[in-house]
Structure formats: C-alpha cells, structure tokens
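**Student:** Residues per chain are reported as follows:
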Amino acid sequence: MNENPLPSIIPDKEWKKIQRMLSKRSLWMIHFCTGCGAMEMPPVMTSRYDMERFGIIPMATPRQADLLLVTGYVATKTLKRIVRVYEQMQDPKYVIAFGSCPINGGIYWDSYNIIKRLDKYIPVDMYIAGCMPRPEAIMDAFLKLMKDIDEGKANGWMRYRKYYDQYRRNQMRIFKRWDE
Amino acid sequence: MKAEQIFKELGLEFEKLKVKGNTLPRYKAEVKPEKLEEAIIKFKSNGFNHFVALSCIDWIKDEKFELVYHLFSYKEKEDVFLSIFLPRKEPKYKTLRHLFPQIETYEREIHEMFGVEFEGNDRLGEFILEDWDDMPPMRKDFDTVAYAKKKYESVPLIDEGGEKE
Amino acid sequence: MVTDWLIHAGLVALYLFLAMVIGLLFMGIARKITARIQNRVGPPIYQNFLDLGKLLAKKTNIKHNWIFDFAPLFGLGGVLLILAYLPMGGYIMLSGQGDLILLLYILAIPALGFALGSGASGNPNAGVGVMRALTLMLSYEMPFLIVILSLMIFYNTASLSVLLQKQMNYLWGIAALPISALAADIALQGMMAEKPFDIPIAPHEIASGPLVEFGGKYLGLLMLYSAGSIVVETSLFVDLFLGGGIVLNPTVYGTLAYFVNYLVWLALIFVVWMIAIFVNAVFPRFRIEQAFKFYWKWPTVIAIAGLVQAYVMSVFLGVVP
Amino acid sequence: MKEFELFIGPQHPGITGNFMYHLWVDGDTIVKAEAHPGYLHRGFEKLMERRTWQMNVALIPRICVPEPDVNEAVYAMAVESLMDWDIPERAKYIRTMVLEMARISSHLLTMGGYAGSIGLYTVGQWAVGDRDYLLDLFEQLTGARVYHIFIFPGGVRWDLPDGFLRKLEKVLNYLESRLEFYDKLLFANEVFFRRAPDVGVIPEDKAIEWGVTGPNLRACGYNYDIRKLDPYAAYPDLDFEIPHYPKFGDFEVLGHGCDCYSRMLVRRLEIEQSIKILRQVIKKMPEGPHTLKLPNPLAWKVPAGYAYARVESSKGEYGYFVISDGGKMPYRVHVRGPSYTHGINVTETIAKGLNIADFSQTIFSLDVCAPDIER
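Residue numbers (this note's numbering), protein chains in the order written: chain A, 1 to 180; chain B, 1 to 165; chain C, 1 to 321; chain D, 1 to 375.
Hints are supplied without guarantee of correctness; some may be wrong.
DSBU-like mimics (lysine-lysine), calculated; alpha carbons at most 30 Å apart, straight line [what the hints assert, rightly or not]:
(1) B:61 to D:328
(2) B:44 to B:77
(3) B:94 to D:184
(4) A:147 to C:217
(5) D:247 to D:293
(6) B:18 to D:293
(7) D:184 to C:32
(8) B:28 to D:228
(9) A:176 to A:16
FYI, nobody ran anything at the bench for these hints, they're computed from the structure. No experiment lies behind these values; they were computed from the predicted model shown.
Start from the sequences and build out the full structure, keeping to the hints where you can.
**Tutor:** Next comes the structure, spelled out in structure tokens:
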C-alpha cells in the first residue's frame, strides 16, 4: 500500500487500518464483461440490488478501478486482456471470479479455448460458485470481500508482486507473444 | 420463381429435408464446385437474396469437406441448401464474397476452424482464435480433451511455499 | 498588521477548505438524488469523502511524463485561484478592478491544465475528450460572454464586488434581467459538463475521455478539482444573478452578516446545483457539434435578447441601479 | 489532423459484451472499422459433437446470454425435425409463452443499454429493474433466472406451476403501465430525436442481401418476421402485428428508416405486441400433456439427416443447422446467430463515415450479442 504520509503522527498500523477501511467502502469495479456472468451484473447495478449502496460503481478504465470482476469463463484471448487490465490497475486491487468456470472450467472442462483455473494466471481473492451466480450471491461476495479487506486477508495484489515470476511464467505458457 | 423450377433449369437433383416445428419447405442439392457460383447467381436473381449461412461439415470417413450454402427467399418462402464437396487433403475453393458480403466472415471462420482455403479472400487468417498452435480445431480428428489437458492442466499451480492444497 | 494578515490568511484557507467540503458533499447528494430518481437507494451522501480518501491512499504508479504528473496540480491550483477571486457569501478574498473580465480569463486555466495533462498521456480517448472539452468551452462561452456584457451594461460596472453591492442595494440580477439569467443557466449546464452536455467525459463513447489515464492520487486530485469546480460554477451564477446570497449588509451587521450570508449563499448554490442535477438525470447527451450548434443558436439568441433588454433599460429608460 | 486508431473494447463501456472494434478515426469521423471477435469463443460446436443429444440441452442456452431460450427452442425444433416428432399443443403454447417472455426481457435490456449508450442512464436503471419481474417469473417456472434449460426436444421440461398464468397477467399489467414512462423519458426526448434519426443507416436496398434480419430488417421497412413467415410453436393461432418502419402508430416517424431511431422504435413496439401475444396465450392455454413420452435419455436414436430450424429471436433470425449420422451424438451443429452478420459485416460497413459519438449507439441499436458471434 501507499507509504504513510505522516509517520510521526499516525502509527503505521493505524495507517494501514485507515487505508483498509477506506478501500473497502469505495470499491470501484472495472467495466469489463469477460463472460456470461456479466448478464447478472445489470440487475446488481440497478434498482433491485443496487450495489452503489456499498460504494461500488462501474468505472470505464482500469486506471481508476480497484476491483476486477472476471465474470465467467476465460478464453485464452481474453486472458491476455485480463492480465493487461489487471496490471494497469493501481494497488491495492482485488479480483472476484464468477461462476464455476474460472474455478475448474465448469461446463467447458473439455473446451480447447477455455483456461480452466484462473488462479494459475492471476491471484483471485474471492470465488462465487454457481452457473450463473445469482445477484444475491454476488452481493454476498462483495460483502465478504469487504470483510476480508478489513481483516487484511484480501492480499492477492501482494501475492502477485511476490510471485510475479511464477505468474508470468504460467501466463507465457498460454500466450505466444506478449506484445500487440 | 419456385426453387423446384430453378433446380430443374439448372439440371440439379434435390431432396426435401424433414421439417417439424417450422413450416416452410427446405430443399437440399449437391452441386459441383465449379457450377456453384453460377447456381447461386441464378438463385439470387430469382428472389433468393437472403444468404442465411455457410456451414462446413467434416466427413472424415469419406475424406471430404462439405460446404453448405444456405439461401432463403422472402418472396417464395423457400429454403435452399446448396452443398459442394471438397477433398479433405488440401481443401481449396474460391471466395464468393462478391455475391453476399457476409460470406467473407463465414469463410474466415471456416478457414480458421477447418483449414479450408478460399482463394481471393484476403482477410483469411487469425479471426477468432489467437496464438493457435494445433490443427484447426473443428476438424473431427482434433481431440479437444487431449489438447485441453496438454495445454491447460499441465500449467503448474503457483507455489507459495508452505500452504498446499 | 500582522495579526490582520494572519486572520485574513486563515479565513482564506477556511473558505477554500469549506468550498472543497461543500463540493464533495454536493457530489454525494447528487449521487443520492440521481439514485432516487432511478428507483435506487444510492450511496450514503458522504460516499465521495471515502472515495477521495481511498484514491489519495492508493499507490500510484502511472508514468507518462512530467506534464502528466503536473497537470492535476495545475488544474486544482487553477480552481483554487478562481475560488479565491469569487465572492462566497459576500466574503471577497482577492479582488481588483475589472475582475469580471479577469475571472473570464482565469476560468479557462483549470480546464487548460486538465487538457495539458490528458494530452500528455498520449491516449487517443483522452485526446478526443480534450478536443471535445475545448469545443464545448468555445460553445457555451458565446452566450455566457453576452450575458456578462449585459450585466456590465445594466449595472454599469466590471467589478464583482460592486456588482454584488448594487444587487444588494437595488435588485437581484435574476429579477432585473430574467432573460439573461435563463441564458446563463443554460450555459452553466455546459460549463458544469452535465447532461445533455457531458460530452467530454462520455464513458460509452470515449471511456471517460480526459480522465482515462488518471488513477490513484492523480484521480484524487482531479476529484478535488471537480468538487471545487462545482462550487466555482454554481457560485458564479449565484454571484452574477442571485446577489451572491447577500441578504444582510456586512457594514451594518458585522460578523453575523457574513455568517448568515454564507448560509444563504450555500442554500442558493444548492438550488442551482439541484436544477443541474435534475436536468442531468433525464437527458441523454448531445453530440459535440449538436451542442455547439445548440449553444450558438438558442442560448445566444436569448442572451442577445437579454442584452437588448439591459441596454434599453439602462440607456433609454434610465434605470440606474 | 492525423488519422488515429481507437479501440472500442474488449474493456469498454460502449460495447455489448466482450467484443472489440478497431477503429481508424480521422478527426471525429470513422474511416475504417474492423471487428475482432473471439474473446468469448468456447468452441460450442465442437463440444456439442462430444455430448449426447440430451446433454446438449444443458449446454446450448449459454450460446446467447441475453436471450438463452431461443437456443433451446431452435435446438429442440431441429431434433424434432430429425426424429419426426409432433409435440403436444400445450407444449407449443408453453414454448410460445417462454419465448415471448424472453423477448420482452431482452428488448428491455436492449432499450436500457441503448439509452445508456446515449447517456440516459435512468431508462437503463428502470428497464433492467422491471426486467427482474420477468426473471422472477422464469425462476418460478424453470428454477433459474438466466439459463432455464426448460424447452426440451419433445416438449417442455415440466408443466406450469399453480397460479403461474395469473402472476404472468399481473406482471404484464405492470409492464404495460411502465411503458408509458419509457415513452416519456426516451421516446419523446428532444435529444433522442436529434441524435437517433438517420444515424447508422443500413442502405434499404442492401439490407436483405447483407443478411440483416429481425427488428433491424423491419426498421428498414420490410415486414418480414419468422413468426409469420415460417411459423413455429403456437404462433399460427395467435393474432399479432409486426411493427415496421414507417408503421409506428402513435410515435412520430423521424428519419428515413434503417437508422437507430427506427430500430429502437420497432423494439419498443414489439414489447407491446409481445404483451398482446402473452395475453392471448393466457386465454388460449390448452389442457393436455406438456411433453411427449421420451425414449431412454442415454440412447436416443436420431435418424441420419440434415435439419434446419429457425426462430425469430429478439435480435433476428436464429437458426440451427443440425446434422445427424444416426449416432448418439450430433455429427455437426452449425449455429446461425443473427449477430454474426450484424456485428461483423454490417457494422464494419456502416461504421464508415460515422461520428465516434454515434458508434456506440449504433452497435447497441443493432443489438449485437457477442457470444453468439463466436460461440
């Protein structure tokens, strides 16, 4: 996280607590429909479930976002864009994977174009099971993620920095080339 | 003009497909590859101006690819399927994108998924897949399970020391 | 002497700080009200403070060039400068002769700073957005300049403080020059970049335009910038047409007058902001050339009518405030 | 100014789903557009060849996410054609009901998305909120909100629950009363009148040749609808109209057809027609079995042959070309999605000369559904 601006006044521990408190209450999610789970995003955004109650709003660009929703299966071509988007996001950042497909491939277990496990390529903080997850499940995941952030357990972005070599090695097994 | 009459004029034999649910008749005919363009032009000028789809079928036992050009006429309310057979080894055909522009897209997909070459179509190449490293995936002898195992399951988990699943 | 100066400086800091707080609060209220219009519950009204805190606490590693780093500060500094020139509730921090014209010039500074930074990011979306923002500025300034001209003719001054004085003594601008006030409000909608004129940041078209590359701390500064801009723009309208919210004469009532005037000013900018928000919630956005045409057509005609009215009233009818 | 490149998607709010357009822009005008699909490619057609006829029922709804039911219906019809099955009357009516409910929900979503693309988020919020009432009905009927897996070769999975039709009637009344609000906010909005007409025009004489179907074709002035043209399910017994340009009833006719304006109005009027159809279905719902007696699910013997079935989805003609070699699994299934032409060829062609501000509303009004392009 960001360095403490006033180390003499605020203890480092308190500073981290403040940061967590702030980032859990204002999760900005990136507007990226990677799969069919995106279909349940409009209901979550709109009047019935209204995720803006918790300060979660869609953002147009990865630079501004804290939360990446991988909504469903990930095709190899999408994975490259997901990694791009993820790396453009500013720390701290969190990933929620939707549905059964990013867990183990789900119904596409034998497909030639679907990567089966997402956490081999980017760290995932929260999984929602089901095909497709109901809006209630999505809201529940948001609340759980907030709790995790509060307790300091949602540290996927730290893992990504720490094990960057391994993540990149796995990614490069899927991509032929990184440019373009 | 009714499809049956056009078939007669072209000298083609046709069969009627079974239809349940929908009601309009569907006719299917086999055309020689070199006669196809002429046949499609004939149909197009006689009201069959809606190009529905171009499908490719891999008849691996017969060592053939079947390309099915599907036309529909809003006027006559009839469906026509014109199919050609190409050899499975070095499948090659000419592009018909000048007749209906969307044929170009279908040709690009079939080129990628089956490996059929369409001469004259300059947009063939990477379309849906990216960084593909095997035979075209829709061919019958492509084993998707083996490929998925080889490519995705062999990727190791992230070793975070200590915590093992 | 020194104490005077210190009190003055402290007051300036307080006013600027309050302006930022008000701006952020207004953004939160706008989100809540929009949510209610859309049948939703909406975020708490202090949500924007949390957002700002989070953005400032975020790690920021976006590297383009020094112009890009400098631009948010430039924009924010520009906004603060304008805030210092604008009377808020009758309290004037910096003032000089002919400051209406000066104000017109410095109004462009924050936008230019913003444009500079987004242009430096090299993102084509930002480039398009900046182009649109500058075009939009060109379009709403036409009626706005005419409105200012009619005010200057009618009140016979180019100084904001004198303008406020005369409005307090005689009549508020909106009562004396209602036509011009209408034109100014339409121009204000564009100045605030609310729908139907939120063209520069249109997310569906150019992915939030100039903001596209800003994140973390930069975005936090830009959020402060837009919070300040809200106060600048609404306050500008209030100062020009609603007498700056001055209901009690400070020379008579002293400190109490400043306090009451501040509250009245706050209420008035809130009303102006609400009008903008309600219009924002029920309109789609124009294309940029449509906005341009729109502004050079109806609001300009209305503003010219207002100019004629001001001219006739002051020159032929001899109404002198 | 120099020409520059702009990427709309895959991560972009102005795109329907995970899809990408690569634009070359000169000033504000698009000079060239290229569609890049494949971000959602799952290889459905391959996977279907590996699953039995009945297992496929669970797989196919995932091809088109905003309106999955058409997939089930069209697959069921194709299999029935091969098997030579006549389904019971009640199954036909229940299918019609499900398809029309799906059409309304898809149109509401499109309407909301379109309004969002021109910046009117309020309509989007309302429409998606109202759509949830239909999803609740679906949940009661099928057990799922989005992927219903309800229409089956041979009929439908189970009969209607008690009191379902009464609830449907209630929801229809509610939706009908809500339409007025959409009219006021979007379809009578001055800015909409200025932005939508004559934008994203498909040349009328080319529309059929380019493979434009569904509401987009009707917006060009042709009253072709597969529900009337090649009727299926219970549509022959039902009375409804096909709204098309310039038959817009009480709405103003602006522009010259084939544009965003007529496309959205056709969709708006189709919601009304769907409500009308559903009311008739409620009245006419026959008694009887809801499905045929099905053979052993593990060993369906589907006779060899070719079959093509098509339905009118909310986006256009949706067809399955199913080929059986007499085995336990389909030999080949080709999916003809309506967005295949709308999203790639048509958009690439009509994007030339479009303002970048109008690009997003053009694809939203064409109702491009990315997953059915690449499957």
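**Student:** Below or equal to 30 Å on CA atoms is what counts here, so check residue 184 of chain D against residue 32 of chain C.
**Tutor:** 23 Å, holds
**Student:** Can the restraint linking residue 28 of chain B and residue 228 of chain D be considered satisfied, given a maximum Cα separation of 30 Å?
**Tutor:** Distance of about 23 Å is within 30 Å: holds.
**Student:** Is the straight-line distance between the alpha-carbon of residue 61 of chain B and that of residue 328 of chain D 30 Å or less?
**Tutor:** Roughly 17 Å between the alpha carbons, so the hint for residue 61 of chain B and residue 328 of chain D holds.
**Student:** Need the status of pair residue 44 of chain B, residue 77 of chain B: alpha-carbon distance at most 30 Å?
**Tutor:** 14 Å, holds
**Student:** With the threshold set at 30 Å, check whether the alpha-carbon distance from residue 247 of chain D to residue 293 of chain D stays at or below it.
**Tutor:** 44 Å, violated
**Student:** Tell me if the straight-line CA distance from residue 18 of chain B to residue 293 of chain D falls inside 30 Å.
**Tutor:** Given pair residue 18 of chain B, residue 293 of chain D holds - Cα atoms ~21 Å apart, limit 30 Å.
**Student:** Against the 30 Å threshold, does the CA-CA distance of residue 147 of chain A and residue 217 of chain C hold or violate the hint?
**Tutor:** Holds: residue 147 of chain A and residue 217 of chain C sit about 24 Å apart, inside 30 Å.
**Student:** What's the verdict on residue 94 of chain B and residue 184 of chain D, does the C-alpha distance respect the 30 Å limit or exceed it?
**Tutor:** Answer violated: residue 94 of chain B to residue 184 of chain D is near 53 Å, above 30 Å.
**Student:** With a cut-off of 30 Å on the C-alpha distance, tell me whether residue 176 of chain A and residue 16 of chain A pass.
**Tutor:** 40 Å, violated
The structure is inconsistent with the numbered hints 3, 5 and 9, although it conforms to all the rest.
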